[in-house]
Amino acid sequence: MSGIFEKTLESIGSLLSPLGTNIALKNMLERCISARTKREEEWLIQDCLRLVKGKLCEPSTKPSTIIKCLAFSIFSELSGYKAEFAYIHAVKLAQYGSLAEKKMGYLACAFLLRECDSLSVLLVNTIFRDLTSKNMYVVAMALSASCHLVSPDQVTVLLPVLEEKLKHPSEYVRSKAVIVLHHFCRVSPQLCLQYANQVKVMVGDRDPGVVAHVLQFLIDVAEDLPGVVMDVMSALVQIQNQILDGKLPHEYTYKGLHAPWMQISIIRLLQYLQEPSMDIYMLIQKTLQNAMPQMQNYIGSAIVCECIATLVKHKAGDEMLASALLCVVDLMGSTSSNLRYEGLSLLEKVLEQYRLPLSPAQQDVVLSSLCHPDQAMKRRTLSLLCTMAEAHNVEIVCTQVADYVRDHCAHNPYIQHDLISRALALTDRFQNSQTHWHIAALIRLLPLAQDKQAKAIQRRIQLTLLAGSGNLEDIIVARSKVLHILAKYAESKTVSTSVIEVYVWCLSQFCGAKVDDGQQVLEKLVSLGCKVLRNQEPSNVSQGIQNLLISIIHSASHVAEKCGTTISSLEELLQEIMKSHLADAYLRHTCLELLASLPHISVIHRALQRSIRSEKQFDFTLSFVDKFVCESLAANAMPYQPKLLHIAVPVPEMTSLPSDSMTAPPDTVALPSTCPSPVSSGTSSIIDFPRSESFSSEDSKSWSLRSPQKEDILAKPLWSREGRTKNVDPFVYVGHKDQLAVVTSDSEMQHLASLLFNRQEPGAAGEETSQGDPLDELLNKDFQKLSVLKSERS
Amino acid sequence: MIKAILVFNNHGKPRMSKFYQYFNEDMQQQIIKETFQLVSKRDDNVCNFLEGGSLIGGSDYKLIYRHYATLYFVFCVDSSESELGILDLIQVFVETLDKCFENVCELDLIFHVDKVHYILNELVMGGMVLETNMTEILTRIEDQNKLEKQEAGIAAAPARAVSAVKNMNIPQQIKDMKLPDLPQAIKDLKF
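Protein chains in written order, with UniProt numbering: chain A, 1 to 794; chain B, 1 to 191.
Hint data in this document are derived by calculation from the structure and do not stem from the laboratory.
Cβ atoms here follow ideal geometry from the backbone N, Cα and C, with glycine treated the same way.
Keep in mind that a hint or two might mislead.
[Unchecked claim] Stretches of chain A that chain B covers, calculated by requiring three or more beta carbons in the stretch to come under 8 Å of a beta carbon on chain B:
| # | segment |
| --- | --- |
| 1 | 167-178 |
| 2 | 208-219 |
| 3 | 251-257 |
| 4 | 299-305 |
Work the whole structure out from these sequences, hints included.
The structure is reproduced here in structure tokens:
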């Protein structure tokens with residue numbers, strides 16, 4: 001007794017120490033939440049954390065104090081202030097504490113630690129040990145913690161003991177074990193799907209709670225293992241019948257319905273059946289009838305929605321559907337906005353499968369939802385409208401979608417992407433070659449889309465204008481209209497670069513072939529290019545601007561070749577672009593290509609005309625270029641560098657372009673580039689080339705990986721129309737650059753080359769170089785020559 | 001699957017958060033901020049479903065929320081959960097908290113962080129719904145509390161006495177002590 005008395009005195013004495021009491025913790029928390037500004041809050045919380053840290057570092061701290069310290073650490077991490085010092089104490093408490101301490105320890109670990117933390121690894125053993133404990137609450141705690149603290153590669157450690165827990169006598173533990181297995185299946189499916197069979201058997205478990213979790217598990221694996229659902233079908237039917245007949249204990253009743261969440265799971269599982277029998281339909285009907293009186297509750301409506309979704313998925317017959325549709329109408333007309341929202345979702349599912357007309361009342365509901373101030377409702381209605389769009393209303397639907405995306409989707413790229421793809425699908429489906437509404441819709445959607453979607457829209461516009469359905473006159477009319485629209489649009493201040501790209505492309509494609517037309521278009525392109533250059537920010541050039549400049553250059557070259565003409569301001573523009581984009585090798589390369597071809601534009605034009613008129617076949621093998629390549633190599637041109645070597649080199653110092661390269665004759669300038677010729681740019685996409693590739697030989701001169709001293713090589717023509725000539729060595733190494741005519745080389749070198757590369761030596765006798773036994777050769781060698789020469793080292 | 005459960009007040013201060021999918025701390029705070037911005041703009045008479053924001057995003061994820069006085073309870077779920085079912089689940093959670101704390105308020109969530117988490121752990125585990133019956137949840141928690149007390153056993157008697165004394169807050173009680181009303185005559189006595 002005296003011991004107790006002493007302890008009591010001791011603890012009264014410690015009343016004044018902070019964190020000794022619950023009140024002290026409460027006071028600390030009150031202080032922290034009373035802060036009026038962020039800075040004050042930060043100061044207060046950091047102050048308290050210092051106190052907590054000091055307390056935790058004391059060796060004599062009691063576990064109850066540690067628990068309070070951990071509670072505060074959880075609060076501070078929740079508010080965004082890290083308390084890393086507390087982690088190890090949480091781990092220790094979970095490992096060695098009593099029941100209450102373990103509970104807090106696991107809780108703190110689950111909140112503060114992540115699976116990938118090094119401290120979590122310490123806990124895996126503890127969890128393993130606790131899973132085998134005799135106390136069911138300890139087992140349950142360990143199971144809860146393993147959902148948060150076990151990383152995917154450690155799952156294998158726990159799987160066997162988890163499997164045992166599936167058969168634990170307590171239903172509390174069995175439920176948790178099923179959920180943990182479910183979690184593991186999500187993080188490492190390949191390891192855990194084999195356990196699906198064991199869980200499947202548990203559908204017959206005596207506790208309905210466990211069965212409910214097994215059903216949730218089955219819903220997730222049904223995608224991967226549809227056979228599993230087939231196996232348990234009869235069990236599911238039985239369970240559902242029991243539920244509907246009220247045979248479950250009364251604690252499973254919620255708001256007048258028996259085990260509603262379980263019913264939802266069962267009906268959802270029925271969606272995975274391949275061919276449901278009549279019994280299944282009857283069961284779903286029965287469930288529906290049972291839930292309909294409770295439709296004013298959310299949970300009753302939830303069951304109804306699930307039943308209807310399953311009936312629709314299986315394309316049930318008309319009689320079944322009639323009662324279902326009445327429910328949809330009820331939901332849509334409900335005063336609760338949640339139920340109305342659900343009604344709209346359900347209607348969308350129904351209309352995806354069945355083409356049904358809407359009654360005037362339903363149309364009113366849809367209209368009022370479209371104009372509803374609630375954005376979520378509007379979004380749901382737009383989705384519904386996209387599903388039920390017909391040819392007569394598709395234009396207005398797309399307009400609505402475009403308006404919504406413009407006004408409300410600035411911060412949500414997912415909704416934006418989703419809605420735009422649905423609108424695009426509609427433009428594909430309902431193209432009209434007379435009204436061309438789809439082109440107008442595409443132009444409206446273009447500035448709202450990002451990256452890949454924008455490109456997809458551009459391609460659609462191009463394809464439609466080039467070769468859309470319908471007769472040629474209609475398309476020509478459409479083209480001129482589009483040109484006018486885009487010309488006007490391009491002058492607006494807020495136009496996006498993707499729209500101007502399309503404009504520029506249209507200009508080049510659809511201008512007339514005469515010289516005057518060409519010059520007019522070129523002038524327009526040049527003025528546009530100048531405007532872009534003037535308006536761009538010098539420090540930060542965006543991808544959009546670069547793509548736009550490239551498309552302007554490509555279009556200009558296309559027009560120039562088509563009409564055989566050029567204007568002087570075009571060259572000036574190209575020079576200016578190159579000067580202001582020194583870092584962008586690809587853009588400079590494009591400019592240089594056009595600059596190189598401009599002096600010869602009339603020749604190119606004539607060549608193109610000739611090839612169109614005559615019926616000669618094109619030589620796509622490009623074998624005629626081979627000779628040119630060989631001659632250029634012999635005349636000191638730099639060989640082509642594969643792009644991988646370019647990428648391997650870090651960003652080089654930007655040397656300004658050598659000024660004499662402008663005046664260099666075309667023969668020694670660029671080797672055949674890998675850009676497609678402008679002739680074909682009509683049907684290929686505008687911007688297709690990755691930014692990082694750069695093939696310009698000018699650039700390769702300044703940062704080539706090869707030494708400036710070129711290897712002395714003589715190249716022989718190798719390619720013909722039939723393909724590469726066989727058994728010809730393309731390169732012969734010459735001793736001196738000047739001796740180009742006679743090929744003489746060291747005979748030992750030749751021998752080595754023939755051994756390494758299996759080359760045929762002219763005039764060499766085959767027998768002398770017969771393969772000897774390597775061991776015999778070694779035997780005959782001077783062994784002194786095999787060791788290291790020691791004399792050099794000393 | 002439930003991806004996250006967030007509770008914050010009308011000013012956006014988080015009062016409880018539980019993530020069932022890995023996000024680092026900065027991401028978690030950003031998600032809480034973004035969710036608050038999305039949810040606080042909503043009127044009280046509109047529907048309780050929102051598409052997820054750009055962070056917790058993906059077109060598959062929805063935010064289902066309920067607003068009680070000063071607190072927002074937000075569940076972020078994917079399409080495998082029934083939206084109306086989750087609405088009712090939030091209701092069950094709040095009712096359970098109410099039963100446990102007797103007229104639960106925001107301060108209860110702050111001062112009893114651990115208790116709130118224990119209740120939540122009985123409701124949702126690993127992103128899946130564990131139990132939906134309020135009575136069942138409360139029974140479990142009571143059983144565990146009893147077991148902890150039993151385990152502490154006789155040796156805990158002094159500890160319990162000590163903790164009772166510690167929680168007494170004697171200075172405050174002295175201040176609050178009300179003396180009985182003495183008759184005026186005794187008060188007027190002068191020595």
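Hints versus structure:
Check on the segment 167-178 of chain A: 3 of its residues sit with their Cβ under 8 Å from a Cβ of chain B, so the three-residue criterion for coverage holds. Chain B is given as covering the segment 208-219 of chain A, and this holds because 4 residues of the stretch bring a CB closer than 8 Å to a CB of that chain, at least three being needed. For the segment 251-257 of chain A, the proposed coverage by chain B is satisfied: 4 residues have a C-beta within less than 8 Å of a C-beta in that chain, meeting the threshold of three. Proximity of the segment 299-305 of chain A to chain B, defined as three or more residues with a beta carbon under 8 Å from a beta carbon of that chain, is established by the 4 residues found.
The structure meets every hint from the earlier list without exception.
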